[in-house]
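J.: Following the hints, complete the assembly by docking chain B onto the known chain A.
Spelled out from the first residue to the last, the chains are:
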Amino acid sequence: MTIKHLFPVSKKDVAQKGEEHPIMSLRREMDSMFDTFFRGFGFEPVEGAFPAFNPKIDVTDTEKDIRVYAELPGIDEKDIDVSMSKDSLTIRGEKKEESETKDKDYHRIERSYGSFSRTIHLPVEVDTDKIDAQLKKGVLTITLPKSVKAVEDTKKIQVKVE
Amino acid sequence: MKELQEKTQDKAEHTRERRLYTPAVDIIERKDDILLIADMPGVDENGLDITVDKRDLTIYGKVEAEIPANHTLVSSEYGIGDYQRAFTLSDAVDTEKIQATIKNGVLRLVLPKADAAMARKIPVTAGV
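Quick note, the sequences are listed as chains A and B, same order.
Here the first sequence stands for residues 85 to 246, numbered as in our numbering.
Here the second sequence stands for residues -18 to 109, numbered as in our numbering.
Here chain A stands alone, though its shape is the one from the complex (with noise of 0.2 Å):
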């Protein structure tokens, strides 16, 4: 644990925030404070030269669900675990090392390996007996139905003209 993990937001992530939007600074500061607070149980590997691999994510909504697509290349599906707790999903998992070579000699390394946990936080009740995940081409899609609760209380409201 060194002094940068005391503090849950890096010089890094106030840098973007001129950018963005305030919610998604927001929610960005709290999955950086997620994986801050996760750093010190040992899953993350052992920092070194390399910088330990952490997959992107993108969310898209529509009416009736929220679909989550996370990077995760070269992972196998049994290497990742997708689990739902009350309003937040987690996806972990770990990116392997080649370890195939003996006799090798590496000139540039740029991916990066080791294990990954991230947390998103859902705005909206979803059916967790539906969700749905998919590993394609080295991205997984989670689709998590809204519940039928969420999606009637959903309310449209009348914009009026005087």
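In short, the hints are calculated from the structure, not lab data.
The structure presented is a predicted model; accordingly, all values stated were derived computationally and were not measured.
One thing to keep in mind: the hints can contain errors.
List of simulated lysine-lysine pairs, DSS-like, C-alpha gap at most 25 Å [to be verified]:
| no. | chain 1 | residue 1 | chain 2 | residue 2 |
| --- | --- | --- | --- | --- |
| 1 | A | LYS214 | A | LYS239 |
| 2 | A | LYS162 | B | LYS84 |
| 3 | B | LYS(-12) | A | LYS188 |
Label-pair ranges, simulated between beta-carbon atoms [to be verified]:
| no. | chain 1 | residue 1 | chain 2 | residue 2 | range |
| --- | --- | --- | --- | --- | --- |
| 4 | B | LYS84 | A | LYS239 | 24 to 32 Å |
| 5 | A | SER199 | B | GLU(-13) | 28 to 36 Å |
| 6 | B | LYS78 | A | VAL208 | 52 to 60 Å |
| 7 | A | ILE107 | B | THR39 | 39 to 47 Å |
| 8 | B | LEU1 | A | ILE241 | 36 to 44 Å |
| 9 | A | ASP211 | B | GLU58 | 22 to 30 Å |
| 10 | B | ASP34 | A | ILE241 | 25 to 33 Å |
| 11 | B | TYR59 | A | ASP211 | 22 to 30 Å |
The C-beta atom is built at its ideal place from N, Cα and C for all residues, glycine as well.
T.: For chain B alone, kept in the frame of chain A given last:
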């Protein structure tokens, strides 16, 4: 590494209105070949285009947009776009025997070293 050098990208215009990303690569030299591994999530064998023009190796990966039209993107850390990266190969690579495989969005390119580039032991015969 002289066998494989990154080529500065030329400003060629693409007909597809897509963002272009540079995939992260690992380059590993082994005894008989050079292994290039590139992370290209969202690409499969149908979207991959690898060309060798003389000594220029270009990797192009096409990503089919998977976000349906009626979906609103609420959070985005990666954009949808294609991948491209180019390298210049030296004579030490046998361009005829390059092999490519892609699995789970990871491309593995095996670039065999040309026979001439392989270290060879020269038998010395005693002179008369």
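J.: Compare the structure with each hint and give your call.
T.: Right, here's what the structure says about each hint:
no.	hint	result
1	A/LYS214 x A/LYS239	24 Å, holds
2	A/LYS162 x B/LYS84	15 Å, holds
3	B/LYS(-12) x A/LYS188	24 Å, holds
4	B/LYS84 x A/LYS239: 24 to 32 Å	47 Å, violated
5	A/SER199 x B/GLU(-13): 28 to 36 Å	30 Å, holds
6	B/LYS78 x A/VAL208: 52 to 60 Å	54 Å, holds
7	A/ILE107 x B/THR39: 39 to 47 Å	40 Å, holds
8	B/LEU1 x A/ILE241: 36 to 44 Å	41 Å, holds
9	A/ASP211 x B/GLU58: 22 to 30 Å	25 Å, holds
10	B/ASP34 x A/ILE241: 25 to 33 Å	59 Å, violated
11	B/TYR59 x A/ASP211: 22 to 30 Å	27 Å, holds
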